[in-house]
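Asker: Please model the complete structure; the sequences and the hints are all you need to start from.
There are 2 protein chains.
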Amino acid sequence: MQKIINDPKNFIDEMIEGILEAHSDHIRCIKGDLRCIARSDEKKPGKVGLSTGGGSGHLPLFLGYVGKGMLDACAVGNVFASPSAEQMFELTKAIDSGSGVLYIYGNYSGDIINFDMAAEMADLEGIKVEQVVAADDVASSPKGAENKRRGVAGIFYVYKIAGAYAEEMASLDEVKRMAEKVCANVRTMGVGLSPCIIPEVGKPTFEMKEGEMEIGIGIHGEAGIGKGRLETADMIVKKIMKSILEDLPYRSGDEVSVLVNGLGATPMEELYVVYRKVAQILKAEGIKIYHPYLGEFATSMEMAGMSISLLRLDDELKKLLQKPARTPFFDQIQLK
Amino acid sequence: MQKIINDPKNFIDEMIEGILEAHSDHIRCIKGDLRCIARSDEKKPGKVGLSTGGGSGHLPLFLGYVGKGMLDACAVGNVFASPSAEQMFELTKAIDSGSGVLYIYGNYSGDIINFDMAAEMADLEGIKVEQVVAADDVASSPKGAENKRRGVAGIFYVYKIAGAYAEEMASLDEVKRMAEKVCANVRTMGVGLSPCIIPEVGKPTFEMKEGEMEIGIGIHGEAGIGKGRLETADMIVKKIMKSILEDLPYRSGDEVSVLVNGLGATPMEELYVVYRKVAQILKAEGIKIYHPYLGEFATSMEMAGMSISLLRLDDELKKLLQKPARTPFFDQIQLK
Numbered sequence: 009m010q011k012i013i014n015d016p017k018n019f020i021d022e023m024i025e026g027i028l029e030a031h032s033d034h035i036r037c038i039k040g041d042l043r044c045i046a047r048s049d050e051k052k053p054g055k056v057g058l059s060t061g062g063g064s065g066h067l068p069l070f071l072g073y074v075g076k077g078m079l080d081a082c083a084v085g086n087v088f089a090s091p092s093a094e095q096m097f098e099l100t101k102a103i104d105s106g107s108g109v110l111y112i113y114g115n116y117s118g119d120i121i122n123f124d125m126a127a128e129m130a131d132l133e134g135i136k137v138e139q140v141v142a143a144d145d146v147a148s149s150p151k152g153a154e155n156k157r158r159g160v161a162g163i164f165y166v167y168k169i170a171g172a173y174a175e176e177m178a179s180l181d182e183v184k185r186m187a188e189k190v191c192a193n194v195r196t197m198g199v200g201l202s203p204c205i206i207p208e209v210g211k212p213t214f215e216m217k218e219g220e221m222e223i224g225i226g227i228h229g230e231a232g233i234g235k236g237r238l239e240t241a242d243m244i245v246k247k248i249m250k251s252i253l254e255d256l257p258y259r260s261g262d263e264v265s266v267l268v269n270g271l272g273a274t275p276m277e278e279l280y281v282v283y284r285k286v287a288q289i290l291k292a293e294g295i296k297i298y299h300p301y302l303g304e305f306a307t308s309m310e311m312a313g314m315s316i317s318l319l320r321l322d323d324e325l326k327k328l329l330q331k332p333a334r335t336p337f338f339d340q341i342q343l344k
Numbered sequence: 009m010q011k012i013i014n015d016p017k018n019f020i021d022e023m024i025e026g027i028l029e030a031h032s033d034h035i036r037c038i039k040g041d042l043r044c045i046a047r048s049d050e051k052k053p054g055k056v057g058l059s060t061g062g063g064s065g066h067l068p069l070f071l072g073y074v075g076k077g078m079l080d081a082c083a084v085g086n087v088f089a090s091p092s093a094e095q096m097f098e099l100t101k102a103i104d105s106g107s108g109v110l111y112i113y114g115n116y117s118g119d120i121i122n123f124d125m126a127a128e129m130a131d132l133e134g135i136k137v138e139q140v141v142a143a144d145d146v147a148s149s150p151k152g153a154e155n156k157r158r159g160v161a162g163i164f165y166v167y168k169i170a171g172a173y174a175e176e177m178a179s180l181d182e183v184k185r186m187a188e189k190v191c192a193n194v195r196t197m198g199v200g201l202s203p204c205i206i207p208e209v210g211k212p213t214f215e216m217k218e219g220e221m222e223i224g225i226g227i228h229g230e231a232g233i234g235k236g237r238l239e240t241a242d243m244i245v246k247k248i249m250k251s252i253l254e255d256l257p258y259r260s261g262d263e264v265s266v267l268v269n270g271l272g273a274t275p276m277e278e279l280y281v282v283y284r285k286v287a288q289i290l291k292a293e294g295i296k297i298y299h300p301y302l303g304e305f306a307t308s309m310e311m312a313g314m315s316i317s318l319l320r321l322d323d324e325l326k327k328l329l330q331k332p333a334r335t336p337f338f339d340q341i342q343l344k
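Heads up: the protein sequence lines correspond to chains A and B, in order. If you number the first sequence the way this note's numbering does, the last residue is 344 and the count never jumps. If you number the second sequence the way this note's numbering does, the last residue is 344 and the count never jumps.
Heads up, some of the hints might be wrong.
One copy or two, it doesn't matter: identical chains are merged, so the pair holds either way.
[Stated by the list, open to error] Calculated cross-link-like contacts (lysine-lysine; reagent style DSSO-like; alpha-carbon spacing at most 27 Å):
#, residue 1, residue 2
1, K17, K247
2, K344, K76
3, K17, K246
4, K211, K51
Think of the hints as simulated: they come from the structure by calculation, not from any bench. Note that the structure is predicted; figures quoted are calculated from it, not measured.
Answerer: Spelled out as structure tokens, the structure:
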């Protein structure tokens with residue numbers, strides 16, 4: 009496999025060592041456990057703690073968003089595998105400052121089981137914990153069964169907006185309400201043009217022929233919900249946008265933020281070709297774009313492909329999206 | 009080819025349309041020519057203009073660094089092909105505010121010929137132009153023949169530091185001196201783990217077998233200066249660092265900024281495994297790291313691989329590196 013790694017068994021620990029070496033001004037590990045990452049600055053008394061967790065292989069997800077204005081902690085699993093409940097619980101204790109902790113994570117059974125256990129452990133210690141599960145991938149389950157959908161790139165918006173709100177000293181219930189509001193207004197869909205290779209496995213996660221694409225791809229190296237002939241960028245965008253727009257639905261007069269997310273190997277050049285068509289479609293629909301994000305926000309290692317997310321904004325969401333953030337993988341100054 | 013594009017002939021124009029759509033707060037095109045990109049804010053009377061140019065396929069290079077604190081303009085060519093002298097000249101006129109214009113670009117014959125012609129055209133119009141050519145790739149030519157080296161990711165530092173100095177209203181001669189000082193103190197070397205595909209060509213730029221790597225890779229889809237067996241990350245870093253450290257040479261007591269640059273398809277996870285070893289080696293050598301940059305700064309479309317750049321700092325370079333910048337592809341707040 010064409011990867012710049014050492015022993016695959018050490019891949020994640022060595023990656024985290026590199027991240028801590030580069031970003032010790034932002035983050036540190038708790039109790040010497042490389043898989044327990046928290047903000048390195050002093051915790052603010054009374055601030056609600058925001059914690060996440062999930063498998064590795066998705067950088068900047070998940071740990072890349074730990075920092076000022078976003079998350080307080082992240083439990084880090086092996087490639088595409090959940091971290092443990094104990095690690096989540098250690099972080100909960102580390103970041104709680106008396107006002108409780110909100111877990112925000114993607115809709116995957118391993119993560120749900122472990123975060124549920126961590127919440128029970130926290131409860132026994134008298135730490136109030138609430139949970140919000142992101143499930144933004146419209147391709148993974150039909151309308152009406154939204155709770156079965158996967159969480160993908162749209163979780164970036166949940167971190168950003170809930171993080172900004174917690175920074176303003178909102179209560180646990182309020183931060184939870186806001187995180188749920190983001191979840192209710194964000195939709196994502198993607199396509200994959202290549203599989204990826206899990207280092208410890210050593211072979212591609214699925215078979216793919218030249219000239220094909222996987223439609224409705226997730227971020228765990230799995231095949232999409234359907235295979236199709238690789239189409240032009242404009243056709244791909246048209247189909248994705250149709251699914252997303254009809255799902256919420258997004259309507260004329262709405263204002264949205266757009267996230268065009270690269271899954272790993274797809275160059276920025278192609279993401280902008282995609283964005284060009286996204287903007288054309290939204291204009292034709294009478295939907296206003298507020299602030300587009302383009303780049304790699306939630307990846308599947310070296311998978312080629314991309315996803316499009318829309319977040320419908322109102323005044324409250326927009327004001328929080330505009331707030332500054334400063335993390336190892338995402339910096340934003342106050343937006344206008 | 010597994011690309012999300014429309015007609016390959018329109019690839020670059022459509023990409024630029026997407027970029028202008030997304031980043032009109034930063035950049036605009038001059039005289040309706042999509043290949044002539046300049047800052048969208050008013051030019052500051054007396055500020056030296058900084059212009060660059062080069063082929064496409066390298067995002068964020070080149071046009072991604074046009075913005076406050078970095079470049080004023082960029083002429084955009086087709087994939088891996090120089091833009092025209094006329095385009096460079098149009099931009100020169102657009103950004104000159106009476107104090108002259110500095111061209112900063114990579115050491116490629118097509119770009120040199122065209123920038124030389126543009127400089128002559130500017131001279132006839134009474135615009136003072138100076139040129140600085142980046143040639144940081146130690147693998148491409150031996151010590152003693154530095155002027156034959158390719159310009160690769162290290163040019164990022166030239167843009168950043170010269171851009172900050174121009175923003176401080178330094179004179180053309182002074183900005184040129186500073187850009188040359190960066191060039192004199194930056195060295196880069198990279199490896200490639202896959203070729204890439206130029207859309208209009210449709211097939212890989214070179215042959216590569218599983219388990220091989222190209223050593224001393226550039227950013228134009230060309231093969232490296234040597235083929236080798238793909239080694240571990242630590243071994244690759246050791247070899248690259250040896251070549252870079254001996255070349256300047258960098259010595260115990262020096263302070264450097266490090267840039268670990270992904271060439272396109274290599275995930276961030278691997279870049280941090282690389283950085284871990286870079287930091288270990290520099291510590292062992294007694295060289296202090298000031299501020300590492302990791303990510304995609306100069307790519308070769310969807311090529312897998314990475315490069316390492318070191319910039320030796322002194323007080324003057326460090327102070328300018330710390331200054332804020334705000335461009336479509338690179339944001340930095342004032343560093344400490």
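Asker: Look at each hint and say if it fits the structure.
Answerer: Quick rundown of the hints versus the structure:
{"no.": "1", "hint": "K17 x K247", "result": "between (40 Å within a copy, 23 Å between copies)"}
{"no.": "2", "hint": "K344 x K76", "result": "both (19 Å within a copy, 16 Å between copies)"}
{"no.": "3", "hint": "K17 x K246", "result": "between (41 Å within a copy, 21 Å between copies)"}
{"no.": "4", "hint": "K211 x K51", "result": "neither (43 Å within a copy, 53 Å between copies)"}
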